[in-house]
Amino acid sequence: MENSISPKEGKIIDQAVIRFAGDSGDGIQLIGSEFTNATAISQNDLGTFPDFPAEIRAPVGTLAGVSGFQIQFGSHEIYTPGDNCDTLVVMNAAALKKNLSTLKSGGIIIANEEGFDAKNLRLAGIEAGDNPLKNGSLDNYELHTVNVSKITREAVSGLGLGTKEADRCKNMFVLGLLYWLYDRPIIPTENFIQKKFAKNADIASANIRALYAGYNYGETAEAFNGRFEIKPASIPPGVYRNITGNIALAYGLIAAADKAGLQLFYGTYPITPASDILHELSKHKNFNVLTFQAEDEIAAISSAIGASYGGALGVTGSSGPGIDLKTEAMGLAMMLELPLVIVNVQRAGPSTGMPTKTEQADLLQAFFGRHGESPIPIVAAQSPSDCFFAAYEAAKAALEFMTPVILLSDGFIANGSEPWKFPQSAELSDITLRNNVGSRDMINGKYYPYQRDERLVRKWALPGKAGFQNRIGGIEKEDVTGNISYDALNHQHMTNIRKQKVENIAAFIGEIQLDNGKSEGDILLLSWGGTYGTVKTAVIELINEGIEVSHLHLRWINPFPSNLRDILSSFSKIIIPEINMGQLALLIKAQFRSDAIQLNKVQGLPFTVKEITDFVRLIES
Amino acid sequence: MENSISPKEGKIIDQAVIRFAGDSGDGIQLIGSEFTNATAISQNDLGTFPDFPAEIRAPVGTLAGVSGFQIQFGSHEIYTPGDNCDTLVVMNAAALKKNLSTLKSGGIIIANEEGFDAKNLRLAGIEAGDNPLKNGSLDNYELHTVNVSKITREAVSGLGLGTKEADRCKNMFVLGLLYWLYDRPIIPTENFIQKKFAKNADIASANIRALYAGYNYGETAEAFNGRFEIKPASIPPGVYRNITGNIALAYGLIAAADKAGLQLFYGTYPITPASDILHELSKHKNFNVLTFQAEDEIAAISSAIGASYGGALGVTGSSGPGIDLKTEAMGLAMMLELPLVIVNVQRAGPSTGMPTKTEQADLLQAFFGRHGESPIPIVAAQSPSDCFFAAYEAAKAALEFMTPVILLSDGFIANGSEPWKFPQSAELSDITLRNNVGSRDMINGKYYPYQRDERLVRKWALPGKAGFQNRIGGIEKEDVTGNISYDALNHQHMTNIRKQKVENIAAFIGEIQLDNGKSEGDILLLSWGGTYGTVKTAVIELINEGIEVSHLHLRWINPFPSNLRDILSSFSKIIIPEINMGQLALLIKAQFRSDAIQLNKVQGLPFTVKEITDFVRLIES
Amino acid sequence: MSDLLNPDTLSGVLENPASSFTSKDLVTDQDVRWCPGCGDYSILKQVQTVIPQLNILKENIVFVSGIGCSSRFPYYMDTYGIHSIHGRATAIATGLKTSRPDLSVWVVTGDGDALSIGGNHFIHLLRRNPDLNVLLFNNQIYGLTKGQYSPTSLEGQVTKSSPLGVVESPFNPAALCLGADSSFFARSMDRDPKHLQEMIKRSAEHSGTSILEIYQNCNVFNDGAFFIFTDKETKPMETLFLEQGKPLIFGESRNKGIRLEGFTPVVTDLNAAESSQDDLWIHDERDYVKATILSRMFDNNYMEGHLPRPFGVFYQKDRPTYENSVNLQLEESVTSKGRGKIDDLIRGNQVWEVK
Amino acid sequence: MSDLLNPDTLSGVLENPASSFTSKDLVTDQDVRWCPGCGDYSILKQVQTVIPQLNILKENIVFVSGIGCSSRFPYYMDTYGIHSIHGRATAIATGLKTSRPDLSVWVVTGDGDALSIGGNHFIHLLRRNPDLNVLLFNNQIYGLTKGQYSPTSLEGQVTKSSPLGVVESPFNPAALCLGADSSFFARSMDRDPKHLQEMIKRSAEHSGTSILEIYQNCNVFNDGAFFIFTDKETKPMETLFLEQGKPLIFGESRNKGIRLEGFTPVVTDLNAAESSQDDLWIHDERDYVKATILSRMFDNNYMEGHLPRPFGVFYQKDRPTYENSVNLQLEESVTSKGRGKIDDLIRGNQVWEVK
Ligand SMILES: Cc1ncc(C[n+]2csc(CCOP(=O)(O)OP(=O)(O)O)c2C)c(N)n1
Ligand SMILES: Cc1ncc(C[n+]2csc(CCOP(=O)(O)OP(=O)(O)O)c2C)c(N)n1
Ligand code: SF4
Ligand code: SF4
Ligand SMILES: [Mg+2]
Ligand SMILES: [Mg+2]
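Residue numbers (our numbering), protein chains in the order written: chain U, 1 to 621; chain E, 1001 to 1621; chain X, 2001 to 2355; chain G, 3001 to 3355.
The hints are simulated quantities; they were obtained by calculation from the structure and are not laboratory data.
Beta carbons are placed, not taken as given, at the ideal position from N, Cα and C, and that holds for glycine.
It is possible that part of the hints are untrue.
Said to hold, decoys possible - Output of the computed footprint for chain X on chain U, the stretches with three or more beta carbons under 8 angstroms from beta carbons of chain X:
#1 88-96
#2 268-280
#3 484-490
Claimed, not checked - One side only, chain E facing chain U, incomplete, derived with CB under 8 angstroms:
#4 1476
#5 1581
#6 1603
Make the full structure from the sequences, and use the hints.
Written as structure tokens, this is what we have:
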């Protein structure tokens, strides 16, 4: 696809942040993703984040009903959706009230006039007399009040649509206007509309008319003092797509199972923000993907354990409350030494907490959330596209080490998206299974399920294989034979083995590299999981400012990379920013650096780059 | 009661350890507890521990079927059941095979001859030719082979009992013999038998005859080179009783509810080794104790939360696997800020593990076993009788701070027993409830459930109270009003408050005192939970040896006592012995002393005193 | 539990002479957050209408819910309430009611909350039979999590988690309840306010656990699931309203009746010459087998010759309530042993004195 | 799942020509750890006797259990097996069977394991109907934890956790299963080896989830719970053995029969002049309502004029199995879309190239 409308000269800027906001019913997420695609095609680097309202839909026009979508894009590398926005699009008063704080001073506001009528003001809890579009309260912004509804209706008139249907095209008008303002290609969206409304030509052309009407409004209305141009980013050449974390995670699992030649069995129970993984996987049955929507999370993980026993790649996924319920069965899987991936898309807790908000406060639960000494490897995804590789690695480790593996994601990267220079399946590393038992695994004619190789990994004799019948269970077992044993020293032995086996995965992970900065010095920022992009951006900014800071990001948290101690000891200050009260910090303090400095935020939101840079400057000075 | 048979001169010793061992069917636990009572009445201090076979009864005579009971008693203070025994009583070959390793070299063996016949040897997996009673393998012990069965049958002959019934008296013969050997009063047991078999005079007198037959056997048989005498221990004067941890824990809960004037609601699901708490509580309905045996642990804790909302003292109890299942609801209780006690009688894990064995590996789960930032206070009982006070304190804290509290016990102290100088209920500290809401709690005519006092504790408006209707839930809430809130700063605020509220309990706990040793110096032993008695004994031994070591024992683990940091910083070496892989150690390292030294054992067994003393000597030198 | 045992729990009531209140008094200051057009609004309204007629003290009412759209309910009722966790409302309410029999405890739950994750507590609730009023909002979908199938979703139903259609066969809530010894089961719908109000009243009046299954339209994720029962067009032929002691009659002009041939319900045309009302099936809420047959009038409404779907009280049985049995034991032991004395308990029956 | 989709899972079978085996081949080297005299021994023996007759490859058999005395079962069977955690065997087995339809999957569970903590998985298992054989050891007690009451314990039963007697009314497993759409329910007992063997065979032959409730004596904690059904003395009058197509007859000299008066089973004396066998209730495993009435022949056996307790197959229904429906969808999507290609999947349908 290519852009049909030749770009008129525009002010060249190297990055921009736009936020669309309106009522849940206004189709904000849709224009967000269309703008994202158009931007990707323009070869800018980008990062996006949808800001959903709480799960239940609130009445139209209320603050609770506001839905938002933010995108940052630029001609250089972009690792976050951006802190504050340059342009804020608001479809109604509530949207403005809720989002104004995110707009940079002097930023552009594009407001849908009708969304500020008496009714909408009331619903937003604003005095009738206090219409912000009129009372001057927005004077130090560049305010554009557009009668979107009116123009849209005119644009689509003659197609015989009712006002309701006509008004549904408002979002396309706005999108068109933004396409003009930021010089994005319009054709791809036109095609998208054609496809989407293939069955209803009128609706299709109405939306397309609205789209162009918006574009032309920008062109003709002279309202804007010029438009912007963002040159393509100098990112590595290759073929790209845009992807969200949950989709990438689902693909990573499918790819791993496919590479291993196994069925993917996903046992789960719906929960925000993990459900999309189920939705995606259930679409791909032709990849030998079996999704099992269980009656609860306990059955979900149990079914996956059963499937793993049978030789499938068993995976279960959930979020906070559901993970709590899986802990007993996680202990069983650890004891059985069966491959299993447990996905936790973290959300803001505790208890039901704030399901649509993000947090990374389940790390210590991943470590210690089971009774007894129950070590399970932990890997954490660091960005939307990294969810693919993290999932692949988790599955590979589970299969090659015959162990459950916990994969941590979070609401921020799960719903966020970024361009992805996706790999070819051939490039994905091979997965060596343990299920090929044969006579060589017999000890004088008998097979024992807990014989181990030098890495302490047992074999995986699958039902159907004659002569290898074996029983495994959750009671402490004698090593090698797997027979029930209450022997004191055997229990110590098995406890040590289970611990050592996880530590042996360090060899599989390999040494970790600094993400940025000098290999030794004053300040090291140590991050894990979804904060990667923000911290990376902050570090780049700081280094550009001439502040000496390095960045290390952990993807594997259990075991820690073998060279972590060395790296941590090469810096005088270790700063650990986390969207929790200091969970990785506790582990680092206990094992490596009791003087580590915490930077914590528990607000259901990701860090802003500024929060990090400010803190580092504070520490540094 | 007092001793009718005047003690003949015996060799005076100041402590002894006896181990009874036999088949599950031999009534070992019974004679163990009778010997314990007799010993208590003799005013020796003592400690006991039953060594049950794995849960399912194995066939008679097999190793798996061996049941044991160990008691240590002395004329000085006793804090453990003892490491190795001076006298080992074995009813059959399996019992000997399984327990010989626990006997001190040169120790006394009293063996039931019949238990070593061909059949029993085979069942114990001993070659027919290798009868240990005959093959000299026991030469460096003092072996007494007694034809218990024969003598017992003779003793009870004429009562018209079948051999089966007659043989059931064997244990009483052995008990009588031990009474003679260690000069214990026989009358109390006689009375006990009378009561127990009140309905069956023959059985009663048969048992009594066997008891005396054993006693007289010692007197007459001349087999023993003298008997032993242990002078009364110089323990604090007062009225004592013997008590196990689970019973003490149950009493502590009843006492707390009674003091607070509330109903005690115990919602639980049976599990070893916690079930006895249910069994005991279910006997005391006339204390307004309501026991609810739920369909599972989730319903168990949920029902207790419901009862707490209604104004009862809600308590739930379980062990490892069951605790896993409660974690989600624990998070809810924390979020609701309702009083609730969660009892975890720890057993050997992970997964099903070794249910009848002990461990203290659930500490980090107690801290972190829930998703999100979910702080819950933790108190750990340190001995059988301390279970009473720990339970009382846990309940008091839960009620006064409106929070769930986790009470950690373990299989060792739950089933172990010790003499207890029990308190008068009047001496128990008062409990101040938060349920007395009134107009003063209204904010212009409205009651808000999350108003807090200076300790950040909310009030407890109970259903039935007009005008105080309120809704509470697991979604993040606005402080004060309790309304659902997704506000970013409110979430941070509430997260901080929930954390601070738990820390505020430090004032309630007060400062902690050293258990033994100088207030500063070289080595500090830091222990928690059920290892108390063993560590205490070890420290006494070491100090007597002239090794400078101090002992600090933690009952409250969350929050830590306010002066913990000071104490820890007053010693050059901190040694932390735990029946896990280093859980308290991790917390201490992270917060106070990264150089803390671990001593860990995960064998389903308590430490022996020797293991501790040896380690300290090693460190010290 | 009895006053004797715990005087203070009842203080609220004592302080307050029976105050009468209106539906308005049940409205809270929270704005209702369901999607516009959601069937939950009607249910909320009917509950607020009926409760004031039950002469219960408002302060003695507690609403307990789990998680789900339906479970937001307690925030909209100015009574005591707990918005708990997914599937556990029944267990929490059981604990509350057992400890506080003086309260009127209501459970609000959804088809997922009650029958999927909460299934175990649900069947054990029925077995124990505490006096709870359970309002089961059945929209045959997971609303709050945006549209996955539930255990009551129909075979073949396409949802976010079943793009090729549900392969499981749905629970038959009436049959499940009967199998678990439910002492009261009734069915109603969001769009028949009068009937719904009556059923809420009946549920409240029943002593023991009453299950009221309410067909509720989720107009966002499963719109129209029950239109066939609620639309003027189809309602008369598709619904069968049960009345105690009355024959089973339905149809445009109430011209259809149901006879039992052996165990098989058969539709007869009442206008037809030969047929009469005399041999029609007479509804008897106390007849377990008839209730079972009613519960099986559950077939796919798009099938040829299918039977109408019954609404009303299927079954009611007098069974002791759990809280009564429990508290009876409690009081008996007080009567027989006397109120326990802590010092005696702690002392036990074998002590010794050290001088 | 289909060979096409996952060739290697079936390797075991392919490598091995149908090997026949005997009961002895099913014995493991582990010594059996149940209490002497436990009813479990008999059940183990009957299972080991029947399985070789089913011509299944031994290596294709998996026993999955939860926790409980009964759940130690897999360790005593030389097949594949999992001794899992309390209550979850049904869920684990569902996952296994769905992923590996080629296996013969058996679940061993107890009254506590299946009906208390495992209750939710149990009813959902019945709803989904995978082809599992469930052996439910009902001893009306928690054996492994040493004698607390279970959901099948009788009202008034004194146990460690009910010193004053159980106040809850027990589940009626047959009724619960029927209510949850069970496609096969049968009852037998440890002390009738022949009947037990036959019922095990019937369960194995049924396609879909078969529930076999086995009355099992726990001679340590609930001794004699079923003696009335197993003792020579009482058995004839207290038990009713069901046979398809045969009239309901029992008694010393098979002199008693059961008629249905309306929905009510009535005992008739076949010797009595007036009565004949012709009007007796003929057993029909396919009749849901009759099965329901049978399930309610459950009253306290110490009550005057109580009915005998039925044993045998109560109900059987042909329903698609869960694994078939699921794998059919899977294969259909392969047929329609073709076997998925990872590179196409990852690439998606909107890409751009950066030069
Ligand atoms: C333990 C747990 N698992 C899953 C969820 C996510 N969740 C919330 S509500 C719900 C189901 C809602 O369906 P239903 O109970 O029918 O209520 P409805 O929204 O349809 O009224 C789910 C799966 C959760 N909150 N907690
Ligand atoms: C999560 C969990 N809760 C409780 C237990 C303790 N437990 C083990 S078996 C059992 C019940 C046994 O009864 P049943 O299922 O009837 O089997 P039986 O021993 O009678 O054969 C219980 C409560 C456990 N192991 N795990
Ligand atoms: S999602 Fe459905 S059930 Fe939930 S509020 Fe909206 S319409 Fe109602
Ligand atoms: S406790 Fe009961 S069920 Fe368990 S093994 Fe012993 S006799 Fe059998
Ligand atoms: Mg629903
Ligand atoms: Mg049982």
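For each hint, the structure was consulted:
no. : hint    : verdict
1   : 88-96   : violated (count 0)
2   : 268-280 : holds (count 7)
3   : 484-490 : violated (count 0)
4   : 1476    : holds (5 angstroms)
5   : 1581    : holds (5 angstroms)
6   : 1603    : holds (4 angstroms)
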